[in-house]
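Using the sequences and the hints, build the whole thing.
There are 2 protein chains.
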Amino acid sequence: MNITIIGAGNMARGIATRALAGGHTVHITAKDPAKASQLAEELRAQPAGAAVRAGDDSAVDTADIVVLAVPYTAAKELAAAYGARLSGRTLVDISNPVDASLDALLVAPGTSAAEEIARASAPGTHVVKAFNTTFATTLVAGRVDDTPLDVFIAGDDEAAREQVAELVASGGLHAVDVGALKHARELEGFQLLHMALQIRDGGYGWASTIKLITP
Amino acid sequence: MNITIIGAGNMARGIATRALAGGHTVHITAKDPAKASQLAEELRAQPAGAAVRAGDDSAVDTADIVVLAVPYTAAKELAAAYGARLSGRTLVDISNPVDASLDALLVAPGTSAAEEIARASAPGTHVVKAFNTTFATTLVAGRVDDTPLDVFIAGDDEAAREQVAELVASGGLHAVDVGALKHARELEGFQLLHMALQIRDGGYGWASTIKLITP
Numbered sequence: 001m002n003i004t005i006i007g008a009g010n011m012a013r014g015i016a017t018r019a020l021a022g023g024h025t026v027h028i029t030a031k032d033p034a035k036a037s038q039l040a041e042e043l044r045a046q047p048a049g050a051a052v053r054a055g056d057d058s059a060v061d062t063a064d065i066v067v068l069a070v071p072y073t074a075a076k077e078l079a080a081a082y083g084a085r086l087s088g089r090t091l092v093d094i095s096n097p098v099d100a101s102l103d104a105l106l107v108a109p110g111t112s113a114a115e116e117i118a119r120a121s122a123p124g125t126h127v128v129k130a131f132n133t134t135f136a137t138t139l140v141a142g143r144v145d146d147t148p149l150d151v152f153i154a155g156d157d158e159a160a161r162e163q164v165a166e167l168v169a170s171g172g173l174h175a176v177d178v179g180a181l182k183h184a185r186e187l188e189g190f191q192l193l194h195m196a197l198q199i200r201d202g203g204y205g206w207a208s209t210i211k212l213i214t215p
Numbered sequence: 001m002n003i004t005i006i007g008a009g010n011m012a013r014g015i016a017t018r019a020l021a022g023g024h025t026v027h028i029t030a031k032d033p034a035k036a037s038q039l040a041e042e043l044r045a046q047p048a049g050a051a052v053r054a055g056d057d058s059a060v061d062t063a064d065i066v067v068l069a070v071p072y073t074a075a076k077e078l079a080a081a082y083g084a085r086l087s088g089r090t091l092v093d094i095s096n097p098v099d100a101s102l103d104a105l106l107v108a109p110g111t112s113a114a115e116e117i118a119r120a121s122a123p124g125t126h127v128v129k130a131f132n133t134t135f136a137t138t139l140v141a142g143r144v145d146d147t148p149l150d151v152f153i154a155g156d157d158e159a160a161r162e163q164v165a166e167l168v169a170s171g172g173l174h175a176v177d178v179g180a181l182k183h184a185r186e187l188e189g190f191q192l193l194h195m196a197l198q199i200r201d202g203g204y205g206w207a208s209t210i211k212l213i214t215p
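In order, the protein sequences belong to chains Z and B.
The letter at position 97 of the first sequence is residue 97 when you use the numbering used here, and the numbering goes up by one with no holes.
The letter at position 140 of the second sequence is residue 140 when you use the numbering used here, and the numbering goes up by one with no holes.
Treat the hints as calculated values from the structure; they're not laboratory data.
Take these hints with a grain of salt, some might be off.
In silico lysine to aspartate or glutamate, DMTMM-like type, Cα no more than 25 Å apart, as pairs [unchecked claim]:
| id | chain 1 | residue 1 | chain 2 | residue 2 |
| --- | --- | --- | --- | --- |
| 1 | B | K35 | B | D56 |
| 2 | Z | K182 | B | D201 |
| 3 | B | K182 | Z | D103 |
| 4 | Z | K182 | B | D103 |
| 5 | B | K182 | B | E77 |
| 6 | Z | K31 | Z | D61 |
| 7 | B | K182 | B | E158 |
| 8 | B | K182 | B | D99 |
| 9 | Z | K182 | Z | D64 |
| 10 | Z | K182 | Z | D103 |
| 11 | B | K182 | Z | D201 |
| 12 | B | K182 | Z | D99 |
| 13 | Z | K35 | Z | D57 |
| 14 | B | K31 | B | D64 |
| 15 | Z | K182 | B | D99 |
| 16 | B | K182 | B | E162 |
All values derive from a computational prediction rather than experimental measurement.
Right, here's the structure in full:
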């Protein structure tokens, strides 16, 4: 698949790493083109790194999946700004709308960042929530304590969810489909707790992952 | 500690099993006294099973921790009915306020079963959310795939949270303190997804557990 990642930060690095491992072509575009080029150059050192490109945002128009690897507010603005260019496309929201103290969500009760981004998007944009519970460094490794990461996926379009699940699985991770986009509420909520646990005394230092353990 | 469990169903069995393993005294009381006696008799076959008693609800008045091992609506009614008898005591709410289709929560956005139970309780009752993400059979075993269960704990009284964490740890489980009682919202929310995943095609059959994996 053609995966276009908007953003060139740590989460872009993590998701690009897994997408390359899965054999996909990755386009990176960012507000600061130098940052996008620098990340692409770094990723080229990886196995399958030849399939990464940096450039302008024209790759959005040929992407199978567009990933908004930016914070919530920027993601919502981008979804609105791209408008009809994203119609019919799978748009992945990875954001966590949390306050600076990591004690509360910035979105109102009864909604989620993913739903707000969907509301800001043009009709026919298939918004999928994914990768919001996986920290950047764990994505680069793909594993924590030798366990493949769970990636929880929510979205109203089943084919779009399946497409993201394919990206996840091809990159060596475990996809967990939780259904409709409204369930992004519960994914974002639990991740608030998970984030808060990173910075406490004896916290996990952004190195833990949420996993459903089965017998 | 003296642990009084109200209810004699599967969750009562699971929590009693861990409490006995932790060396605590367990009192079981239930609407149907025969059911309480039967569960106590069954538990007596366990190691440390000598420390279990069934009887009337007078054990509520001498308990260090009272566990409401009943569904949400019954738990709220019991909290209100016991009123001042629970004042100053640690009251554990384990409930999951989910609809029959496991697709939505029964409590309004911006609250939780635990907060509603606290509102129904007499002043000074220290309501703690715990054990809502651990299925009954996993509690009996204490582990899934040889991994000790995480038990997420939320409550506004720090000493009460620590008391529940002590119960959890003594029973061989891993306590994860997530802070204020309002964070029960996120625990109940994520458990809605976890429950829905049990009954799907290829579902986990009530045998999985939510774990934060660390390096």
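Hint by hint, here is what the structure shows:
Under the criterion of a C-alpha separation no larger than 25 Å, the hint pairing K35(B) with D56(B) is consistent with the structure, at around 12 Å. This hinted pair checks out: K182(Z) and D201(B) have alpha carbons roughly 21 Å apart, not beyond 25 Å. For the given pair, K182(B) sits about 10 Å from D103(Z) by alpha-carbon distance, which is consistent with the 25 Å threshold. Only pairs whose Cα atoms come within 25 Å are accepted, and K182(Z) paired with D103(B) is accepted, the gap being roughly 10 Å.
Taken as a hint, the K182(B) and E77(B) pair is honoured in the structure, with Cα atoms around 20 Å apart against an allowance of 25 Å. Proposed proximity of K31(Z) and D61(Z) is supported: the alpha carbons are some 17 Å apart, at most 25 Å. Using a Cα cut-off of 25 Å, the hinted pair K182(B) and E158(B) holds, with the two alpha carbons roughly 14 Å apart. Restraint check for K182(B) and D99(B): satisfied, since their Cα atoms lie roughly 21 Å apart, inside the 25 Å limit.
Simply put, K182(Z) and D64(Z) have alpha-carbon atoms about 23 Å apart, close enough for the 25 Å limit, and the pair holds. Restraint check: the Cα-Cα separation between K182(Z) and D103(Z) comes to about 21 Å, which is no more than 25 Å; the hinted pair holds. A C-alpha spacing of about 21 Å is found between K182(B) and D201(Z), which places the hinted pair at or below 25 Å, so the restraint holds. In summary, the hint linking K182(B) to D99(Z) is supported, as the alpha carbons are separated by about 15 Å, within the 25 Å threshold.
Restraint check for K35(Z) and D57(Z): satisfied, since their Cα atoms lie roughly 14 Å apart, inside the 25 Å limit. The straight-line distance between the Cα atoms of K31(B) and D64(B) is roughly 21 Å, inside the 25 Å bound, and the hint therefore holds. Proposed proximity of K182(Z) and D99(B) is supported: the alpha carbons are some 15 Å apart, at most 25 Å. Straight-line distance between C-alpha atoms of K182(B) and E162(B) comes to about 17 Å, which keeps the hinted pair within the 25 Å bound.
The structure meets every hint from the earlier list without exception.
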